[in-house]
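Once you've looked at the hints, dock chain B against the given chain A.
Chains as they are written, first to last, in this note's numbering: chain A, 9 to 186; chain B, 319 to 421.
Hints are computed from structural coordinates only; laboratory data are not their basis. Predicted model, so just to flag it, every value in this text is computed and none were measured. Built from N, CA and C at the ideal position, the CB exists for glycine as well. Honestly, I wouldn't trust all of these hints.
[Unchecked claim] Covered stretches of chain A, as calculated for chain B (at least 3 residues, CB under 8 angstroms):
{"no.": "1", "region": "15 to 21"}
{"no.": "2", "region": "25 to 38"}
{"no.": "3", "region": "64 to 77"}
{"no.": "4", "region": "121 to 128"}
{"no.": "5", "region": "147 to 157"}
[What the hints assert, rightly or not] Quick look at which bits of chain B chain A covers, simulated, 3 or more residues with Cβ under 8 angstroms:
{"no.": "6", "region": "383 to 396"}
{"no.": "7", "region": "409 to 416"}
These are the residues of each chain, in order.
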Amino acid sequence: MAHDWQPDFEQLVDEHQSMVFSLAWRMTGDRGLAEEIAQDVFLELDRHLGKIESAAHACFWLRRVAMSRSADALRRRVVRGLDLWVEMEEHHGISVAERTSPLGARLEQLLATLPESQRAVLVLRYQEDLTPEEIAATLQAPVATVKSNLQRGLKLLRAKAANHLKEYVRQKEYVRGV
Amino acid sequence: MEEFEQELRQAFERRPAPPSLKRRLMESRRVRQPRSHAFHWQRLAAAILLTAVLGGGVVLHQREEQRRGEAACQQVMTALRITNHAFEHMNKQLAAHHRVSQE
Chain A
9 MAHDWQPDFE QLVDEHQSMV FSLAWRMTGD RGLAEEIAQD VFLELDRHLG
59 KIESAAHACF WLRRVAMSRS ADALRRRVVR GLDLWVEMEE HHGISVAERT
109 SPLGARLEQL LATLPESQRA VLVLRYQEDL TPEEIAATLQ APVATVKSNL
159 QRGLKLLRAK AANHLKEYVR QKEYVRGV
Chain B
319 MEEFEQELRQ AFERRPAPPS LKRRLMESRR VRQPRSHAFH WQRLAAAILL
369 TAVLGGGVVL HQREEQRRGE AACQQVMTAL RITNHAFEHM NKQLAAHHRV
419 SQE
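Pulled out of the complex, with its shape left as it was, chain A reads as follows (with noise of 0.2 angstroms):
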């Protein structure tokens, strides 16, 4: 099929190379193991870049390719949870909670916690802002399974949040009171 659309690679990296990344960060916790997806996802681009039609293919080909290599990289490691994205995010000197607010921070935290198949729909319905079909589409998955990871990591999500609240609301009072 002719197309007239001519692919730039350093247009695209300096366009997606964000997106790329905190999808990869997001799903591993891991900021050096992102930077290491993102990269390849960028060269393995290049390679098919013959094939990209359009700027909307290449978002969502890269979209595909970052979610799919993170997931790969997940079952390569053991995932320690929360206490791996802590330990990344001292390690690499950077906090969550200089960038977002407290809660913002701990969502993060949070969400690394979750099963893999919620935390891909989370990320890709609250970071791409993606409709269920569309997450359907990246994930090659049912929509309905799509819906049904996505209400159930959003309930579960919540209450973690809720839990962490309490808890947090609970610690200022002890502190008030003593």
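This is chain B only, laid out in the frame that chain A set:
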């Protein structure tokens, strides 16, 4: 729930990629590309050479088989001629013997 979802959207904003990512990416690409082209050509040349060697081997094998078949055929024909000659000789002797016994 909507408030919570809004909180999620804010918490899950894209993070800026490290500046080193693009630099390393462009460097890897620059290093990989020429080697990649050379590698493809080498692979193509190796594949052609291998095909030629294998094809030549098959053709030589077939010719050798054909030559040996023809030699075997000639040997059989020679043996048949010798046998035929012996039979004719024997037949003449038998006929002579038969004539003598009738007389």
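Verification of the supplied hints:
As drawn, the region 15 to 21 of chain A meets chain B at 3 residues by the rule of a beta-carbon pair under 8 angstroms; at three or more, the given contact holds. Note: the region 25 to 38 of chain A has 8 residues with beta-carbon separation from chain B under 8 angstroms; the three-residue rule is met and the coverage holds. Counting residues of the region 64 to 77 of chain A whose CB lies closer than 8 angstroms to any CB of chain B gives 0, which falls below the minimum of 3, so the coverage claim is violated. Remark: the region 121 to 128 of chain A is not confirmed as covered by chain B, as 0 of its residues place a Cβ nearer than 8 angstroms to a Cβ of that chain, below the required three.
Figure legend: the region 147 to 157 of chain A, annotated as covered by chain B; annotation inconsistent (0 residues with Cβ-Cβ distances under 8 angstroms, at least 3 required). Restraint check on the region 383 to 396 of chain B versus chain A: 0 residues with Cβ-Cβ distances below 8 angstroms, three needed, restraint violated. Coverage of the region 409 to 416 of chain B by chain A is violated [criterion: at least 3 residues with CB-CB distance below 8 angstroms; count 0].
The structure is inconsistent with the numbered hints 3, 4, 5, 6 and 7, although it conforms to all the rest.
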